[in-house]
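Participant: Read top to bottom, the protein sequences are chains V and B.
So for the first sequence, this note's numbering puts the first residue at 9; every next one is plus one.
So for the second sequence, this note's numbering puts the first residue at 17; every next one is plus one.
In short, the hints are calculated from the structure, not lab data.
With a straight-line cut-off of 25 angstroms between C-alpha atoms, the simulated SDA-like cross-links for lysine to any residue are:
1) B:Lys110 <-> V:Arg198
2) B:Lys110 <-> V:Ala151
3) V:Lys115 <-> V:Val136
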Amino acid sequence: MCVECGCGDVEIVSVEAHDRLLAKNDAVARHNREHFAEHGVLALNIMGSPGSGKTALLEATARAATGWRLAGVSGDLATDRDAVRLTQSGIDARSITTGTACHLDAKMIHEALHEFPHLPEIFFVENVGNLVCPAIYDLGQAANVVLLSVTEGEDKPLKYPVMFQHADLVLITKMDLLRALPEVSVRAMRSAIASVNPVPPVLEVSARTGEGLDAWIDWLRLRRANAVREEAVS
Amino acid sequence: MHEYSIVEALLENVQEHVDRARARSVRKLVVSVGERAGLDTVLFRRAFETFRERTPCEHAELDVIDVPVRWECARCGRGAAGPLAPCACGGRAKLVSGDDIVLERIEMEVG
Chain V
9 MCVECGCGDV EIVSVEAHDR LLAKNDAVAR HNREHFAEHG VLALNIMGSP
59 GSGKTALLEA TARAATGWRL AGVSGDLATD RDAVRLTQSG IDARSITTGT
109 ACHLDAKMIH EALHEFPHLP EIFFVENVGN LVCPAIYDLG QAANVVLLSV
159 TEGEDKPLKY PVMFQHADLV LITKMDLLRA LPEVSVRAMR SAIASVNPVP
209 PVLEVSARTG EGLDAWIDWL RLRRANAVRE EAVS
Chain B
17 MHEYSIVEAL LENVQEHVDR ARARSVRKLV VSVGERAGLD TVLFRRAFET
67 FRERTPCEHA ELDVIDVPVR WECARCGRGA AGPLAPCACG GRAKLVSGDD
117 IVLERIEMEV G
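Modelling step: build the complete structure from the supplied sequences, incorporating the hints.
Facilitator: Here's what the structure looks like:
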C-alpha cells in the first residue's frame, strides 16, 4: 500500500544495486585461494576442449616422477573415468560429477577440498572439457593452464577468445600427431594465441612421447616456488 | 551454457533485494554485460525467460546493457587500444572494464 496516503496503490522502489553476479563465486574462490596459500599448495585450473589431452597431460606429469605429492579433482558431466585414470597414475584424485553443469565453480572445489585432509604440493583441477564456460569461473587457482591440441585446428583461439584471454600458460598438446597433419602449422596456432593474448608462455608437448614435458615441469617448478613463498608470507 | 548458472545467480541476488524491500514483485531489471564477460546475451535472455517462472521476476522486464572493453596502461594509466598495443611509456595494457556481469538496477513493486 502507498505509504503516503494509504490509497492502496503500488509503490515502485528503484534500487541501484551494482551487484556483480559472480561475487558469491568469487568470494568462495578467495577462500579457496587463501586455503591453498596457507598450505603452500600450487593450485592449477586445467582447461581445454573435450579430448584436448587434459587427463593424459596429468598422467604424464605423474609419470615424470618429480617427487611432488600430486592431487586433484576431475570434473565431468558423467562418470568418474578421468579420476580413476588419475588415481591409477599415482595422483590422489576425486571426481566431481556435474550432471548438467558445463563448468566447475568455486563452491564445488570448496566442497571437494573437504575430502583432502592431506593437501598435496600441487593440486590440479581438471575442469569440464569445454572451451567456453569454465573460463569465467574463478576457483581459487594460482594459474589457468589452457590446452589446445594440434588436431583442434589453428583458429580455435580466435573462435573462443575468452578462454585464451584467461590463460596464464598455453600448452599445444599431441605434438606427436603433427606429422599426420601436414596442413596444421604450429606457428599459425601460436600466432592465433598471441593475437588474443600475447602474455602467456606457449609450450609444445606430447604426453605420449614426453616431448616438451621438461619445459612444463620447469614451469611447474617455478610456480611451485612462488606457492612456497606465499605460504611463508601468509 | 553457463548462462543458466548466471541466471540462477541473478534470481538469487534479486530475491535478496525483494526480501529486504518486502516487495511483491519485480518490474524491471537492468543488467550490464561486458563484451568480454564470456556471456551470450541471447542465451542469457532465453535462460531468464525459462527460469523466472514462479519467481518475483515472472513479469519483469530485462534490460541488458552491453559494456565495451576498455584498456588502460598498467604503468601510467593512459587509455590503450588493447593488449597488443604497448603504451608509449612501455607499460603493458590492462583491462579496466568490459569483463563483468552486474545487476545495475532493480525496480520493485512494494505495497
